[in-house]
Amino acid sequence: MKKLDLRLLRMIKNTKGQFIAITIVVIVGLTIYTAVSMGAVNLDNTVKHYYKITNFSDLYVQLVKIPDNAIEEITKIEGVKKAEGRLVFDVPLKTNDDEEKVNVRIISTKEKRDQINSLYLEKGNFIKNPNNEALVINQFASARNIKIDEFIKPQIMGRNYKLKVNGIVGSPEYVYLMEDEQTLLPDPEGFGVIFVSEEFAKQSFGYKGSYNEVLIKAKKGYDIDKLKNKLEEELERYGVKRIITKENQLSNKMVSEEVKGAKQSSKAIPIVFLGVAAIIIAVMISRMVKKDRTTIGVLKALGYGNKSLINHYMKYSLTIGLVGSVFGIILGSILSSYIAKMYIMFFNIPILKITFYYRYMILAVVISVIFCIIAGLWGTRRVLNIMPAESMRPEPPKTGNRILLDRFNVLWKKLSFSWKMVLRNIFRSKKRFIFITLGISLTFVVIFLPFSSQDSFNSIFVDHYGKFQRMDYNINFSKPLNNKVIKDIKQVTNVKDIEGKIEYPFEVVYGHRDKVCNIIGLENNTQFFNFKNLKDENIKLPKKGILLSEGLAKYIGVKKGEKVKIENFIPGKDDLYVRVEGIIKQSLGLNGYMNIDFMREKLLQKNLLTGVYLNSDGDIKKDLEDMKNITSVQSLSDMRSVFNEFLDLMIYSIGVMLLFGGVLGFAIVYNSTILGISERRLEFSSLRVMGFTKKEIFIMILKENIFMTILGILIGIPLGKYMIDYIEKVFSTEIYTLNIESSFKTYIVSVMATLIFVFLAQLATMKKIYKLDFIEALKNRIT
Amino acid sequence: MGKEILISVKDISKEYKMGEVKVKALKNATFDIFKGEFVVILGPSGSGKSTLLNIIGGMDTPTKGKVFINNNEITAFDEKKLTLYRRNEIGFVFQFYNLMSNLTAIENIELATEICKDSLNIENILKDVGLYDRKGHFPSQMSGGEQQRVAIARAVAKNPLLLLCDEPTGALDYETGVSILSLLNNINKKYNKTVVIITHNSAIGNIADRVLHMRSGEIIDTEINENPTDPERIEW
Chain A
0 MKKLDLRLLR MIKNTKGQFI AITIVVIVGL TIYTAVSMGA VNLDNTVKHY YKITNFSDLY
60 VQLVKIPDNA IEEITKIEGV KKAEGRLVFD VPLKTNDDEE KVNVRIISTK EKRDQINSLY
120 LEKGNFIKNP NNEALVINQF ASARNIKIDE FIKPQIMGRN YKLKVNGIVG SPEYVYLMED
180 EQTLLPDPEG FGVIFVSEEF AKQSFGYKGS YNEVLIKAKK GYDIDKLKNK LEEELERYGV
240 KRIITKENQL SNKMVSEEVK GAKQSSKAIP IVFLGVAAII IAVMISRMVK KDRTTIGVLK
300 ALGYGNKSLI NHYMKYSLTI GLVGSVFGII LGSILSSYIA KMYIMFFNIP ILKITFYYRY
360 MILAVVISVI FCIIAGLWGT RRVLNIMPAE SMRPEPPKTG NRILLDRFNV LWKKLSFSWK
420 MVLRNIFRSK KRFIFITLGI SLTFVVIFLP FSSQDSFNSI FVDHYGKFQR MDYNINFSKP
480 LNNKVIKDIK QVTNVKDIEG KIEYPFEVVY GHRDKVCNII GLENNTQFFN FKNLKDENIK
540 LPKKGILLSE GLAKYIGVKK GEKVKIENFI PGKDDLYVRV EGIIKQSLGL NGYMNIDFMR
600 EKLLQKNLLT GVYLNSDGDI KKDLEDMKNI TSVQSLSDMR SVFNEFLDLM IYSIGVMLLF
660 GGVLGFAIVY NSTILGISER RLEFSSLRVM GFTKKEIFIM ILKENIFMTI LGILIGIPLG
720 KYMIDYIEKV FSTEIYTLNI ESSFKTYIVS VMATLIFVFL AQLATMKKIY KLDFIEALKN
780 RIT
Chain B
0 MGKEILISVK DISKEYKMGE VKVKALKNAT FDIFKGEFVV ILGPSGSGKS TLLNIIGGMD
60 TPTKGKVFIN NNEITAFDEK KLTLYRRNEI GFVFQFYNLM SNLTAIENIE LATEICKDSL
120 NIENILKDVG LYDRKGHFPS QMSGGEQQRV AIARAVAKNP LLLLCDEPTG ALDYETGVSI
180 LSLLNNINKK YNKTVVIITH NSAIGNIADR VLHMRSGEII DTEINENPTD PERIEW
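Residue numbers (numbering that gives the first Met the number 0), protein chains in the order written: chain A, 0 to 782; chain B, 0 to 235.
Here chain B stands alone, though its shape is the one from the complex (with noise of 0.2 angstroms):
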């Protein structure tokens, strides 16, 4: 395939512990993913997928094994280029949106991009995910689509390489869920953007253009679907 590899993951492991209790979250994944790619990873809670999620977002470090993106091998990154990765490179988007109660919605943007080097216009981005006109309403004043809503573009204006979502529909309604699906589908066409969701939800892998499958920390099945779902189609 003449595609680009943006990511190469190379036989991580991870183990953590939890209170007492001793996880073995991740056992030698392999895989890359192509810039421009919609991947979902699917799984069961507790198959490791987060884990792997966090550590390609340098959010987390491997115990064993190498993550490169654009060559680069984040996993020999210190503190400080982590936290410059984090910065410039990764768009999160999390199950429970995770925005600062006490600034509305274009300051929780304007959080993220005046730190980093070269952001999108942040009006446009409000306008892509259709809450311009809400833009001065404090979280509490925001229904959980529109939370996350605010959660994506706050991942989108910074210009990532990479847009890592865990979970991103776990806390929502069916409807909502696929409204923000189809948000994430569009900014993946309209900016090229890669994107990466994590889910438990098998239908949601209809939409992707890959789906690796997880399960006790090791990735069982890759399946590419050469002509994904549009979102609005998949039902659960």
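Isolated chain A (complex conformation) (with noise of 0.2 angstroms):
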């Protein structure tokens, strides 16, 4: 081995602590990168690959009613590759817990190999027998424990029956299982996908000889958005409700924005880390070149040349990129496959695959040396201004400047000594005390979004049910019902307060963007809902026009005043146009609001009602099973345990990134300190001369660290605050508004973690001090 070389391994034995700390950031880093990319790329693929061999529909077109013979003239609309009627019913299910309020899907099968949207069988058998037979989907089977061969018992218009379950089944418009988007989390105990056979579902509910859906699937390339607009006219007189695109398609929206946000944190989240690596780098072999003036010098006397020299300091760095990028890859690689398992866990995929990229893994050592060429460059940039017989001639001094704070006179006299001294050390090599700080800060900032994220969540939580929305129960009819539905509530269990309420889905249009949205119709002076507008000030419900939550007025691009046109699908009734009173904070779904008595004037017809809020501290559930007509009872409480189950999922990827700040609060405050040490080798010992004991110089540079950890955190304050502004524009989406409010105890935690990683950090510096050879470092100048 070059003898060089030999120098650079020994170099590193002896600053091994140093090297595995900043090799442990690029690990951190490259290990992220690799995991969420391949796990990103993964789902992406998977899902993909699902909805090609399950031929996943287009477009999904709501309707009143449409008989049997229309759907083959839909094939003939330009466009249509495909068309297939379907019926999809919620309605609930019996347990044998009375108590729990159950809803099912059912949907309609024709159980053809090419369907649309076929269904992936995973457990038992197609349905043999259509009249008592159905098919479950897995979620909702493993939440619920339903076995094959058990039976399931949904009730339809009042009448209960009872279904053999014949297979377990997966389906690609159910990958992720949420009811509607008004519903925070997948409950999938709470709801469920049933698949029954056309028969039993046309006789059961009626509807002999016509479907209430179509799928379509369009001829490949053509624009799918001119189709939809195309279908809203031809259907018309079928009484369309909505058309739903692929795209806004609830699952595949959701599942498409968890891989776009993988991808993005895929990128991010390895930059920060590689950034400090390298930062860590650069400002390590500059000191080390620093230090190593003289034998620079020397060896440049020997005859070794700038480019062997530089290239030498360089193979410092670059054994970090490369050791932090193979052990980066292979933890990566073992982590993506347990994403991969967590996918399969959160969404609802039967045939998840999992391939190892080796793009991802070739990428991840390119990027890794990229950055610890830079830095190595960075670093070793002073080796070429290093003159070998200038370097052998001591330094002049650096000249001694008084600090700032030494001109804040009556401050400066009353701090004691030592702390005078901590202060001018700390102010004296300037790149440092910034480099500490900054680090500080960043460790802060990444233990804080974290719990900040949790209180988000929290937030939406709140904010949305029970100070937006204040009633204790929201009830939903299966259809609308005259108002004097609120008489027979009333009998039949003890109510404190009611309200009828309509909520129908139309599409809400201005200019060229529209959304398909509820649009809610509440009592004058309602008292279950506490609108807000962006200012924060309370607003009450206009009796005529509409209020627009924030998410809706953003996404199709309306202002306050202006007017908005609602398409209305009912037959009959003519599109609405009307001015947009107020936009209100909402933190959860888009939604439209409008005087009850307006919205049945304009939009429907007199006294409906499609549901009710109540307030009650009755057994409404109980009270309300046998009455017709209702299909759901949503409670407080019911959101609040299924909030619950979620936040303990959250508490392991808060424990996560909480060791990846600890890794880098750790790394940057070591590696400094120990700089810092051998740097300051001569001061110190000419420290003990003087009769200082270790403890004492110890505690000098604790004090010192300290006034930079709580300097550190106060930047990290704004600058944690700072990025969660930024989060909540990047991450809110069209279906929920983040708003996050860090909360006292967020900031408290977050600060005492920052503290302990940085204490862990001095502990283990403390070893090189208590070994320090001062009459050697004075005596000697081996280089």
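I should point out that these hints are in silico values taken from the structure, not numbers from a laboratory.
Small disclaimer: the values here were computed from a predicted structure and weren't measured.
The beta-carbon is built from N, C-alpha and C at its ideal position, and this holds for glycine as well.
Careful, some of the hints might be misleading.
As the list claims (entries may be wrong) - Quick look at which bits of chain B chain A covers, simulated, 3 or more residues with Cβ under 8 angstroms:
hint	segment
1	23-33
2	198-205
Said to hold, decoys possible - Here are the simulated lysine to aspartate or glutamate pairs, EDC-like style, with alpha carbons at most 16 angstroms apart:
hint	chain 1	residue 1	chain 2	residue 2
3	A	Lys161	B	Glu106
4	A	Lys2	B	Glu78
5	A	Lys64	A	Asp222
6	A	Lys1	B	Glu78
7	B	Lys16	A	Glu389
8	A	Lys306	B	Glu78
Starting from two chains that each stand alone, build the complex the way the hints lay out.
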């Protein structure tokens, strides 16, 4: 081996603590990169493959009623490759627990192999006896422990049915099993999908010879939005309620957003880690070069050129890059299969394939090498300026300056001598001071963000269910009922407050933008909703006109005072142009709100209700169990328990992020302290000679670091807030608007965690100070 | 004299900045050094002798004037050529040895020889400096004298045209210093290497073929020793 390389190797061995600390930062960055990139691509490809083999639908047309023979005509519309009718209804499911309210979506299936949205059979068989057999979607089956040959009891049009479970299936439509866009999280125990034969569906729902939904496969390359508009016109007479494109289909949308998010974070997070590693490397090498000034001079005197000396130090950086990327790739690949398994848990894909993509492994090496080369070049740039002759002469002493603080005489005089020394030391090497302080800020931010995101989910929940919506129960009817139903409800159960509502899907159009969403009709002076405008002022529901949620207004690009068109799908009713009277804060879901009478008059019919909101101390679910026409009873406590389950899941990711933050903080503080110690050997030795104890010197360094840590945290707090604002903007989707208010507890916990990591790093450096041989340092000039 | 000129220094001056002070280190120095000669440059600290040595060794460049080695003008060399010149033609010995602390004695020597064209046998050199049995030791395990021997071995092993020693005994006690000087003297005789030593110790001048006296950046006197003293017999 070349002697210079041997020197490098021994140098690494002597500074192994630092070497390992930086390498771990690189490893963490690349592990995340490989694991998340591969995870995202694996998910993306699997979903695409799944869509292909199941013939995933391009358009979902929901309508009131369309006869069998009209389906054939749809096929003749330009751009349509294939059309299939089916029946879809949400109904309650009877379970052994009377308290529990479970909804299922019953979907008719023809079970032809080339059917649009064909089913993926996981267990059992397809339906053999069309009259009393059903297929159950896998997540629902496993959440409720439903087995093949068991019976399920849906309640259809008030009648109880008993269906034998013949198979467990997966459907491309329900990769992410959510009832609708208003739901915050999937609740596989409370909502499921059941597939039945077409005969059974037609019979039990009374839809002889007709369907209420059409699935459409577009011709390849045909503009789906154009086709959507055309279908809206052509099918108007069948009472089109809404047309959902593949892109907007709920499950598909959630999955694509997950893929998009994963891809984004697979880029952003590693850059933070590699960036930090690169800065540490650059600083470390530049210190090494500074420390090795005489050595470099000697090597130059021996005839080593600039190139070979730069290479020498570059190899240090490259070794970190290569060792880091090898471990990062290995760990990342292992982790990527865990991420894939996590996706299996989270998404309902029966065919997840895991492939190891060499592209990402190679990219990981390339990226880390690039970062390390840049860091190395920056660190070694001073090698060029070292003149061999000059390097042998002692360096001129640094000009001692008064620091800014000196000038605040009153304050300065009050400080103890040791603190004066600490502050002078800190401000003497400003670069190191800035580096450590910002490093600690970054650590704080990395720890602070996951805690805050937990807060944000908390606040989405609290804001929506509690502050914005204030009802204990939200009850939906299976079909619009007359006003009088309120009286019936009051009779069967003990009600404190009750208000009727209309919740109905319409298409809201402004300019070229449109969105199908539920418009909710509420009573004048409703007590169940608390509307606030964007300035956080309370506003009232207008008698005429409409209020739009912030997300909806943004999506279609409308401002207060302008008019939107509400497209009415109901036969015989005209479209309505209505003024936007206000834009309101709503953290979850997209909705419009109107006065119930105004809505009835303009869009529907008199005296209609689609549901009620009520407050009660009684056992509403049990009381309403026997009432006909009720599809769902949503209570605040149900929502709360679903939410808590989700929070449990989040704890893991917070733990992982915490660890990452810790690694960063540790590496930064440990490395810069060690560098500081070796640079200041002479200074410490002089102090030792003057009679300072090792402990006193350690405490002095500790004080320096405490000062910088506190400053770092103080900078980190606004930085973290800024990052959160950014995250709010980037990650708010149409479905939910993030409005993160970090709680006091989050600040405290993040500060504590940062302090602990800094302290641990400090503890690790203690040995170096205690081992410092001051006589040797003063006497010798061995390089 | 029928001696062949190895180094020809022509009217060189050097100025440099040290912190905020401008130092005139050399003023119009002119002299020649012959092949195989043992030369001592004598002067108090700050007289410009180190600067002179550095310029001859291609480690520094003069502000004015020319230096020829074997009729090549090294003052016209670029950085690359200077590096090659240092690599192949010059052996340096420093006051503070300047060994690599994490390389052993033999590795320190190999560090120098593995980049130059025709090096001498390292084992023989180690025997010559009397450290053959300590070749596996690290600098921190050796005394100052031993470290300086390694440094000399490192310089000689390159088989350079010229051995330049900057206060080689400056950090050593009397006895060790004498033994280092004998070693340099032996190498001068055995390998017929031109040796230039700079020192402030006038006693060392006695062992040289020629002594150049310097003061305030000028060569003020040249003294030729017809009969140089054996290093073992000098005293200070």
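Evaluated hints:
{"no.": "1", "hint": "23-33", "result": "violated (count 0)"}
{"no.": "2", "hint": "198-205", "result": "violated (count 0)"}
{"no.": "3", "hint": "Lys161/A x Glu106/B", "result": "violated (88 angstroms)"}
{"no.": "4", "hint": "Lys2/A x Glu78/B", "result": "violated (23 angstroms)"}
{"no.": "5", "hint": "Lys64/A x Asp222/A", "result": "violated (26 angstroms)"}
{"no.": "6", "hint": "Lys1/A x Glu78/B", "result": "violated (23 angstroms)"}
{"no.": "7", "hint": "Lys16/B x Glu389/A", "result": "holds (10 angstroms)"}
{"no.": "8", "hint": "Lys306/A x Glu78/B", "result": "holds (11 angstroms)"}
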